[in-house]
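Protein chains: 2
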Amino acid sequence: MVEKGLSRFINIKRETKGLINIDPLQTGGRLTDAARSALLDWGDGYSVCDFCRGQLDAIKKPPIYHFVYDALPKFLGADVTRITGGAREGKFIVMNSIAEPGDWIIVDKNSHYTTYVAAERAKLKVKEVPNSGFPNFEINVEDYRNVIEETKKKDRTSKISLIVLTWPDGNYGNFADAKKVAAIAKEYEIPFMLNAAYAIGRLPIDMKDIGCDFIVGSGHKSMAACGPIGIIGINNEWENDVLKKSKYFKSKEIEMLGCTARGAPVITLLASFPHVYERVKKWNKQVEKARKAAAQLQELGINHIGEKPHRHDLMFFESKKLYEISKRHKDGAFFLYKALKKRNIWGIKPGLTKQFKLSTFALNEDELQKVITAFREIIQLAEQAF
Amino acid sequence: MVEKGLSRFINIKRETKGLINIDPLQTGGRLTDAARSALLDWGDGYSVCDFCRGQLDAIKKPPIYHFVYDALPKFLGADVTRITGGAREGKFIVMNSIAEPGDWIIVDKNSHYTTYVAAERAKLKVKEVPNSGFPNFEINVEDYRNVIEETKKKDRTSKISLIVLTWPDGNYGNFADAKKVAAIAKEYEIPFMLNAAYAIGRLPIDMKDIGCDFIVGSGHKSMAACGPIGIIGINNEWENDVLKKSKYFKSKEIEMLGCTARGAPVITLLASFPHVYERVKKWNKQVEKARKAAAQLQELGINHIGEKPHRHDLMFFESKKLYEISKRHKDGAFFLYKALKKRNIWGIKPGLTKQFKLSTFALNEDELQKVITAFREIIQLAEQAF
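These protein sequence lines are chains A and B, in that order. Count along the first sequence starting at 1, add 1, and that's the number in the numbering used here. Count along the second sequence starting at 1, add 1, and that's the number in the numbering used here.
By construction, these hints were calculated from the structure, which means they are not laboratory data. Watch out, some of these pointers could steer you wrong.
Residues from chain A that face chain B, not an exhaustive set, calculated with beta carbons under 7 Å [stated by the list, open to error]:
(1) Arg15
(2) Gly46
(3) Arg122
(4) Lys253
(5) Phe274
Cβ atoms here follow ideal geometry from the backbone N, Cα and C, with glycine treated the same way.
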């Protein structure tokens, strides 16, 4: 019977509340106080539809219209923007609307898994631009040219419909040279999409300056919004393809399935925007903080992997030292996770010691030092014990 | 400059908070107290991903796993269920995974607009089963047979890949005979999807009993959850098609784009579930309340349109009387909206007087009488004035 199991759903608490969270997934999506306060007003189901006359982004109060048609385009340097269900949804929207089943798309090897899955959903074939492998895992953007040429040579019938670059990628936080990719894309007349899920809302970005045709961002990853929500920027040239209207319902955009985020996600995105708008201006401080943390961890035998000098708060580390400890520790591979949790630090996945990611984005100076001290203590205690 | 416009995003209040809301979109999605309390804990971005090891529905704490693999299948009488981004997303998921571009789908004339838009997104062609027109707008389900036969006759090359019934529909709240449609679908060996966005979470439902292959529901419309979120039920037979895994990432389902709702929406869905589970048992009281309201409005010259006896809280009304008043009233077509708002009642769209929908679902006895009294007063005052 269901009844017996219902008690599981009573009083579901988030046990990570109040912990220092260094999971890169969580640091840019933490709500602002303004968003948290809006959440209670707008938490009900479809709340913003109270004010809708048939089109989500035409709602003027709450100011969704002003966000989509004024603030967001300016913020991104985009001709046209929309609110989506997330960065992955944005990628699928572009792929499904501008490519035909069987077409090729070319993606960087550091792409998020959802780039591949979105391509599969749109029935597209994927070619990868390699990375440089250990220890930097960088994308040499000239390889886009090679992969385009090879793909054309091997398959003379299918079209290459899209080039994707992940900027920065979600594993190493590397920034490949997006402007050069844009130039190559133009040369071959292939549209170019930037997956900026870890950029938009963290750092200043200008689509026009980069020269991409599409850009996708994530509200829950980097814009202090309640998920799932994302945004998309589209060049004028592609507006009619991507935002094609239904032939049955003239105000409804097909790829948006009419409307996308309608409740707490869109309101928190709006409510956090003034803060997000300001925080991107201080991006250089974030980079400084990340580099400082990496240098301090390096001294402990926890080595930063990826592009150097590093330019993002998301960082990948490797530590033979922590791995060796895990082999002798009573908690085994879980020792690091457990020891950090004991110190109110969350975000290194249970079972990881040799390689892991973390982000310094949400940490203040005090919290950063707590994290560094925790790693130092954990290593010292283990070394004393053996 | 963006800065100037930023003040719009400060302190975004929901001015309909605390009003009696009779908009059918809003009555079943209102959060329970338990969900509202969970909202604050879980509002941050991707909150539940703190506990994820790579698959949303494998998370055991919070109990998403138990919901998806135990509670929800039992609640729906479904073999397999998943959490989606909404009922529209569920419809697209089915269409995109089991049909090929160019195939036909057959839908009832009372379908929600998103059924058409989802079909267009999946590049499918749509045939309609007509309704009976004014005043009942009922679907004669035997017409599914006729439309199937006609479609086959006119187009011998394209396949009919799916039959859809909206149960109840979102305009009139009519319930067509779903079991008979299931029987016709079986006879022609065409899969059958029930759009139950206004049913699941309001009334008891059993997929096996109905005999459909797919069912979609809406968290924000009828399950007291923060949107956008929905659920899908799938027959065993179709599991491998609809839930096909990525060839690149073995744990990721293509049509879910890996994961769907990850923050407040999924937690509020879970937190409200014990209440929703109980409330469907009292559905007959909801039907009684709706009929009583319709009878009282009838006495005022506001006539119920649609299936009789009516079996849902969503009701469509027509009133020549209100329309005549609007032609002479100083507020014109907006008089009804304004007069109701003045009485703290929300949900009749601005500008409507002749025809409108409302729902009694969220009203207690006292509120229902306030609504009826408001309509009575509004009409009396207008009639006295002229």
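Here's how the hints hold up against the structure:
1. Arg15: 4 Å, holds
2. Gly46: For Gly46/A, the interface hint holds, since the closest Cβ of chain B sits about 2 Å away, which is under 7 Å.
3. Arg122: For Arg122/A, the interface hint holds, since the closest Cβ of chain B sits about 5 Å away, which is under 7 Å.
4. Lys253: Holds. Min distance 5 Å.
5. Phe274: Hint holds; Phe274/A Cβ to chain B Cβ min 5 Å, cut 7 Å.
Of the hints listed earlier, there is not a single one the structure fails to meet.
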